Amino acid sequence: MLETYKKQYLYPKVQFVVITKNGKVAESDDSLFPLRRGTDITGFHPFFESILPLTDRAGEHLSYSCVHIKDRICDVDCRTFKDKDPLIVIHDLTEHYQSLQTVAQKRNETVIETEVLTLQNTYLQEKEAFKRTFIANFSHEIRNPLTGVFSFTEMLEKTQLSDEQYDLVEIIKSLCQDLNIMINDILDLSKIEVGKFFINNEIFDFNALLESINFIYSTKARQKNLQFHIHRDENIPQYIEGDRNRIKQVLANIIENAIKFTDKGQVALYVRLNNKRANKINIQFEVTDTGIGIAKEDIDDIFTSFTQVHKDSKYPGTGLGLAIVKNLVNLMEGDISAGSEPGKGTSIRFNLRLKFPLHHKPRQIKNQEEEGNILFNNRNKYNVLLIEDNKISQIIVLKILASQGSFFLDIAENGSQALDRIEETRYDLILMDIRLPDVTGYELATVIRNTPEKKYAGTPIIALSGSMMGDGKKKYKKAGISDILQKPFKEQQLLKKLKKFLK
Amino acid sequence: MTVSKKIVLLGHFGVGKTSLVRRFVENTFSDNYKVTIGVHILKKEVILPENQVNLIIWDIEGNEDISATRSSYLMGSHGFIYVFDTTRRSTFEHLEHDLDHLRNHYNNVPVTVVGNKNDLITPAHLRENRPLFKRADFFTSARTGKNVELIFEDVTKKMMS
Ligand SMILES: Nc1nc2c(ncn2[C@@H]2O[C@H](COP(=O)(O)OP(=O)(O)OP(=O)(O)O)[C@@H](O)[C@H]2O)c(=O)[nH]1
Ligand SMILES: [Mg+2]
Chain A
3 MLETYKKQYL YPKVQFVVIT KNGKVAESDD SLFPLRRGTD ITGFHPFFES ILPLTDRAGE
63 HLSYSCVHIK DRICDVDCRT FKDKDPLIVI HDLTEHYQSL QTVAQKRNET VIETEVLTLQ
123 NTYLQEKEAF KRTFIANFSH EIRNPLTGVF SFTEMLEKTQ LSDEQYDLVE IIKSLCQDLN
183 IMINDILDLS KIEVGKFFIN NEIFDFNALL ESINFIYSTK ARQKNLQFHI HRDENIPQYI
243 EGDRNRIKQV LANIIENAIK FTDKGQVALY VRLNNKRANK INIQFEVTDT GIGIAKEDID
303 DIFTSFTQVH KDSKYPGTGL GLAIVKNLVN LMEGDISAGS EPGKGTSIRF NLRLKFPLHH
363 KPRQIKNQEE EGNILFNNRN KYNVLLIEDN KISQIIVLKI LASQGSFFLD IAENGSQALD
423 RIEETRYDLI LMDIRLPDVT GYELATVIRN TPEKKYAGTP IIALSGSMMG DGKKKYKKAG
483 ISDILQKPFK EQQLLKKLKK FLK
Chain B
9 MTVSKKIVLL GHFGVGKTSL VRRFVENTFS DNYKVTIGVH ILKKEVILPE NQVNLIIWDI
69 EGNEDISATR SSYLMGSHGF IYVFDTTRRS TFEHLEHDLD HLRNHYNNVP VTVVGNKNDL
129 ITPAHLRENR PLFKRADFFT SARTGKNVEL IFEDVTKKMM S
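Each protein sequence line maps, in turn, to chains A and B.
Going by this note's numbering, the first residue of the first sequence is number 3, and it counts up by one from there.
Going by this note's numbering, the first residue of the second sequence is number 9, and it counts up by one from there.
Okay, chain B solo, but in the shape it has when bound (with noise of 0.2 Å):
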């Protein structure tokens, strides 16, 4: 049987959505940053044991306050990948405080966090920053393709489940 999900990426600018998708979808990377406004739609099959899921990814552009996101763009969603960017506290330091939003609001929807450019931190980093980075599900690097692929298996199974 094959479904269809909608899936949307959550996070501040420049912290890697874009670059998570490309690395997903089409396997590439790349340095340059192009801010996204507005959102580009993908899609990608997934193919778990038992069905087949055409993921619908929204990578909408990157907003410091998650509130202040277009509500049509989260309509109707079926998962979130909420990214943050290890390197940059401004996008992390208020992580609990945008769970809670999103718990509010779209109480059923999984949330899969990640903290990304992993690639780029020191384990003293990590250690440092614990508390804040426990949060996180998975910590990827688009640049090397770190658990990128995990990621969106980990909120397909939490959809389908």
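Chain A with its partners taken away, still in its complex shape (with noise of 0.2 Å):
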């Protein structure tokens, strides 16, 4: 019995050959392969044709395992002797070697895998570290050139210009402006990404920061003839612990943004307090307009950088405004969300926690009235109008009003808004520029001052040139224009004017 049963499992698995010293096939019981006698086992598969040579000396015992064979898997084993012809005996195991084949295809399959991508992980980031502070020290690299440019377009804006010569010098200073915003937020930005920001945590009046966006903003709202307001909760302290020029670059990224997607309606800002504990403190802003919206499955991707939601050409943009806007909030230790229905609008909610001095007392402000420097009191409101269509004289009479809290400015880009405006307002002061798209200063001042029933007859009007060339002085006389402040104009310049006109 037993010996039937080795006969049909053990047998059949193993061949024993008797080869020659020249590797002809002298015995064979034929058990796996059919071997004839007198041929060159060599000819029978190559790798017989390997082993032949290293059967020369005797007593020898080469073992071989794991062979294909034909279609079968072998071990060989293979002895050489002194007096005798070498014997080859093969098994046959390509049952067992198959389920190790499973195994390793498994393992190797799974290892090549996880390896391809670690590699591409990781070379995904070095290429994306390059990028960073590749960028970073581009970025910075040209912003040497660009504030030559800038302060030379600013030389050149001093010398004598023409009237149409100043104007195509603002142009080019405003597309400096441009670029040096979208430069400094790549910047700020590759900054982040490489881990070279730094917040820097001042003690700072919360109020002052509100108002002075709330007059940039409602005056930049009011051009497109959106409401901007801000609702503030009264139990925020005036004085706050925080980095003030970033949170107010959080908040105009963000307002900015929204008054750019807001063709009617409003734009407001809600400041509100979550907890306030020992000297810490957690406050929510929140940014909502009535603005296009952004689809649901855009929101996740108005954080990411040089992704623009609306890729509309009527909103230009780099994208990195919101993605600056995020890092900033997250490097202060917040957490902003964007929620929005297309067509409705959009709300945009951040936290930041911050601290607030308990007993604090402010600096005393030196008194710059003493000082030679002019000051309006809060008092007093007076509503200006600027008439002006570049982008940068207007970026700057808005920041020196907006130092002062005294002030309501309405902005018209041209004449034709500007009689629109003061329609509807009644101004107590009109900054113009002398040359606008539409009309010349001369033309527009004499327009304002023969208004129906005089409104605008006493009213002072200022015009900006940027020339006191030729019959310029007695031209603006005689349209009525009260007096002339020459472009460009230091801060102090501007505020005297005012101050003159205003008493």
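Calculated directly from the structure, the hints in this document are not laboratory data.
Every value quoted in this text rests on a predicted model; they were computed, and no experiment measured them.
Keep in mind that a hint or two might mislead.
Stated by the list, open to error - Some chain B residues well away from chain A (every beta-carbon gap over 10 Å; in silico):
hint : residue
1    : Phe-21
2    : Arg-30
3    : Asn-62
4    : Glu-69
What the hints assert, rightly or not - Examples of chain A residues toward chain B, derived with CB under 8 Å:
hint : residue
5    : Pro-55
6    : His-70
7    : Gln-103
8    : Ile-174
9    : Leu-177
10   : Cys-178
All residues carry an ideal CB built from backbone N, CA and C; glycine is no exception.
Put the two chains together into one complex; each comes in its own frame, and the hints tell you how they fit.
Here it is, written out as structure tokens:
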């Protein structure tokens, strides 16, 4: 019985072959492979061709595992003797090795897969890191020549120019400014990404910050016939410890964006107290608009760099603004999120963990007036209309007036807008660029002076002009312009003129 | 005169040893990866100006550690083709070490070093890895067949000289 089993299960799996010294088959039991006596075993399979040279020496025992011979997988033993022909024993272990193959297959595939993945990742990460450093360095380098262009343009601006030349110079300046903003954005972002961006905490007047934001953005909103309001929780202390400039940058970016994507309705900033404990304070900011909104599937993308959800050329931009915002908020240990309904509007909400001083005596502000600086007190507010098409000049005036807290400013970009404005609002003073897209300042001043009921007969009109050449002086008197301020002007020069007329 | 020479393809698993052999012997290629276990032995004649060589090609299972390769497979070799995968760093980062191992144990056996899957990489990738890649004698693609004949020719010439 045992022998039958052995015959069935063991013998067929092992073949004994005796070969001659020069590789001819001498004897074979042919249990696995039929081998004709007297034929070259090397001709049967190349495996034997390569082991034959090794059978030269007597007393060898060569042992090979897992050799594929025809369609079997075998272990092969080869023994040489001093006085006998070499013996080859072939064990068929196909089944055993096939199961090993399955295991090896699984293992190798998994290893390669993870390897390729990690490789791709490190490769990408290295690329990304390189890109970031490159961008950081590059933007830094590009700033120098740009600053050069800007300051030489400013020098050029102060030379004797015709009004037309002056306007062209202003355009160069304004383009430089745009470029500068973009480069600063990129630089900020790459600094944040390479971890070289630091938050600079200091105690600052939170009310003043909100006031200046209010001034700037209600002016900008009114330019688009939008409303801008700030709703502020009264329990938030006046003095806060945090990075004033960065908070301002974050708010400016979000509000700017909200105004950009809103064509009618309003933009609002809500400033709420989340909680206040000891000297810690958590403030929530929310900017809502009634603009075009963002589709649900895009909402996660708005904080990603270089992504612009609205690819319409109507809304230009680099797509960096909100990416910076998110990074800045995260740096200030806050969270940011957005919600939106297409066609209805968007709201962006973030909170900041800040501190506030329990006792804070603001430094006595030096009596600037004593130092010869013009100051307006906040008790009287003046309505001022700026008629100016150049964006830079707009911003300059905006900033100067914002610092005073005594003005409402409206901006008209051309003569016809200006006439609409003066019909709606009663202005205490008008600042007017002498070269406007649709009319000259002289013509416009005459029209304003002659409005029905002589509403503006006595209102001061100050012309802003790049040049004082030729017959300018006589001409402006004749047109009813009260005074002229030469561009470019310094803050104090403008304030002095305003003070002169707004007693 | 006809001579038989044994050459062994060495290298990590999945680098394309089997594919190179199949391209060389049968001129075919498959994207499917079937892990080799043990050894497949194939034969191909190469005709050189002076002589005809029967290459007995041992396509063995891949191993991350060259010193763990069964020595019975390497015994009696006349030439080695060491293959790495240009897309997988782990297959070439210890190249120098592996070649040292071969020099120490099989001092007289010539080695041809091959970077395979050349069809998948960019010039930039080549440049980035130059320090490690510079040991390669050839860059091949079993998929396109690029340089495949050349490596076998190269190792044969080295063996015959
Ligand atoms: N694109 C490309 N793929 C290749 C090339 N050579 C091999 N491959 C693929 O790589 C995988 C592994 O190839 P194999 O030839 O089986 O690799 P091996 O070195 O024999 O692997 P082991 O037998 O496990 O040691 C397979 O999916 C092949 O299709 C090549 O030159 N180009
Ligand atoms: Mg293989």
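inquiry  = Flag every earlier hint the structure violates by its number, smallest first.
reply    = Going through the list in order, the structure violates hints 1, 3, 4, 8, 9, 10 and respects the others.
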